[in-house]
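**Student:** Sequence:
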Amino acid sequence: MSARRGILAFVLLLGAVGIAVMFAAFSLRRPVTLASSRSILVFDVPHQLDEIEPPLLPFSLDLARFGRRRPTVYTLVDGLRRAAEDDRVAGLVLHVGRIDWGWAKVAEVRDAVAAFQRAGKPVYASLTGGGEREYLLASVAETVSMPPTATLQLDGLSISATFLKGTYDKLGVTPNFVHIGRFKSATESYTRRDFSEPAREALEAMLDDQYRLLIDSLSAARGVPPAPMRRLVEGGPYGTSDAVARGLIDSVLYDDEVDSLAVAGDQDEPSLMTLNRYVDRLPKRHGGARIALVVAAGTIASGKSRMGAFEDPIVGSETLVEALRQARTRRSIKAIVLRIDSPGGDGQAADDIWRELERCRAAKPLIVSMSDYAASGGYYIAAPADSIVAQPSTLTGSIGVYGGKLNVRGLADKLGVSIETLSRGPHAGMFSPFRDFTPAEEAIFRDGLEEFYSGFVDRVAAGRHMPPEAVEEVAQGRVWTGLAASTRGLADALGGLDRAFEMARARASIPASQTLTIESFPRVERSFFARLLGNLLSGDEDEALGAAVLGPVLRAWIDAASFPAGARLALMPYSIDIR
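For the sequence shown, the working numbering gives the first residue as 214, with consecutive numbering after it.
The hints are simulated quantities; they were obtained by calculation from the structure and are not laboratory data.
Mixed in with the good hints there might be a few duds.
[Unchecked claim] Pairs of lysine-lysine residues, derived as DSS-like cross-links and limited to a Cα-Cα distance of at most 27 Å, are as follows:
(1) K383 x K497
(2) K547 x K378
(3) K577 x K627
(4) K577 x K383
(5) K517 x K577
(6) K547 x K334
(7) K577 x K547
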């Protein structure tokens with residue numbers, strides 16, 4: 214009994230200390246107070262940028278984060294917008310290092326920086342290295358600088374995929390997968406050693422679109438015609454002196470020298486303040502018309518939202534449905550913007566979310582804003598919207614389905630594991646991992662997938678007001694860029710969150726003179742053990758070699774085992790990352 218009391222006392226003590234620390238930290242938050250009458254904001258561009266902020270782990274002991282928000286796409290874009298309107302903010306300096314965002318997020322933040330610039334405030338960029346993505350973000354600035362020893366890694370774009378058939382053959386693992394849709398190539402990671410022709414066709418088209426978008430954006434930013442700019446992009450990498458000589462950057466300066474240049478460029482001698490601190494201390498808006506920003510970021514699955522083994526977010530259907538229900542039933546909320554950054558996932562979970570979204574659209578305006586991905590199940594949940602807004606570089610579509618299992622009997626035999634099964638019924642053990650489907654079982658399974666695919670097409674047709682035959686022409690599991698989707702009826706407009714909010718304002722008949730208050734939810738829960746496993750598997754730049762070799766293999770293997778055998782998966786192919 215005394216031991217139990219001791220443990221209880223220790224737990225209570227930890228709780229009291231935690232509450233005290235959190236209270237002290239939150240008490241430090243106060244409205245933005247700039248160090249002088251005018252300040253230059255310094256944006257230390259983060260390596261990673263999320264759509265939704267996970268709660269702080271009590272185990273992490275990251276006391277610096279108590280009372281502070283970790284920037285998300287929305288908080289950054291909103292902070293830049295408010296800074297553009299703030300007379301006390303004189304300018305902006307970008308410190309751009311290596312970033313690991315998708316192209317759509319880069320475009321979203323870049324557009325926000327450009328809007329800041331259009332407000333008549335100068336923007337300076339210090340680029341400490343990187344490739345096309347980093348240079349695209351930095352190029353929006355009036356002047357781009359690099360330190361003397363940096364390298365501008367411009368060498369074009371590419372797409373790579375990991376294929377595990379050879380690995381499975383060596384291990385004695387037999388994939389049993391069925392896909393519906395000629396371009397639904399997600400199963401190829403397990404069943405092939407290279408791209409199929411349909412997959413190659415779709416990926417080449419995506420690569421062409423993104424390359425044109427990149428060249429056109431850089432051409433406009435640097436005042437270089439597209440053809441010469443393409444030659445420059447393909448002619449790297451460049452050292453700093455070469456980059457200056459070719460007009461890719463303007464000067465060779467360290468970060469602190471760029472900061473000093475920005476201060477010297479304003480006659481009022483403004484002080485420096487980090488954008489993160491500025492955003493963190495912005496007072497919440499109150500009053501005005503309220504719009505809900507509901508975020509669906511991650512792989513779609515049943516249950517609660519959570520973090521996966523690689524620190525990847527999982528969109529739990531229960532969590533998202535509840536968030537949508539709250540947005541639908543609150544009278545104060547005049548419209549809903551659903552922000553999607555998802556490659557899809559479990560088909561049943563996506564359908565549960567779709568049903569609630571149908572109810573939302575019947576109750577109030579519903580606008581979808583697409584981030585890096587809104588594909589397969591991600592598009593399934595976008596379909597009911599009144600309007601869909603995508604970035605030109607969003608990856609979307611992938612209207613198709615697949616499913617199956619891995620037969621590990623051969624691996625078990627190699628390891629000396631014996632399996633004996635007793636059954637009743639001809640199809641008992643159909644989804645057992647220790648045998649293949651029989652021809653009859655595969656036919657039954659295929660029928661179920663075809664039924665789901667037909668329903669998927671019908672839902673898109675109803676939501677997009679298109680004949681099913683027209684949807685079929687752009688379906689078949691094919692992934693499209695947002696640019697291509699906008700010309701094929703799958704998206705209504707190109708742009709980011711700002712465009713989506715304005716469309717929501719218009720549909721809800723909110724006067725332009727009335728301010729908008731954005732209410733964001735839900736939050737994501739993650740366990741200490743998920744974070745621990747994520748740290749072990751994901752690594753950082755110091756473990757780049759191990760991550761490059763093992764990361765894709767581990768991810769592909771875990772992806773195959775993440776859903777129950779036989780689940781109907783509305784999930785985009787591979788992990789498409791154009792670099």
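**Student:** Between K577 and K547, does the CA-CA distance stay at or below 27 Å?
**Tutor:** 7 Å, holds
**Student:** For K577 and K627, compute the direct alpha-carbon distance and say whether it is at most 27 Å.
**Tutor:** 58 Å, violated
**Student:** Could you grab the alpha-carbon distance between K383 and K497 and see if it respects the 27 Å cut-off?
**Tutor:** 57 Å, violated
**Student:** Does K334 sit within 27 Å of K547, going by the straight-line distance between their CA atoms?
**Tutor:** Between K547 and K334 the Cα gap is close to 33 Å, so the pair fails against 27 Å, i.e. violated.
**Student:** Are the Cα positions of K517 and K577 separated by 27 Å at most?
**Tutor:** Measuring from Cα to Cα gives roughly 25 Å; hence the hint holds.
**Student:** For the pair supplied as a hint, K547 and K378, confirm whether the alpha-carbon distance does not exceed 27 Å.
**Tutor:** 51 Å, violated
**Student:** When you check the alpha-carbon spacing of K577 and K383, does it fall within 27 Å?
**Tutor:** 55 Å, violated
Checked against the numbered hints given earlier, the structure breaks hints 1, 2, 3, 4 and 6 and satisfies all the rest.
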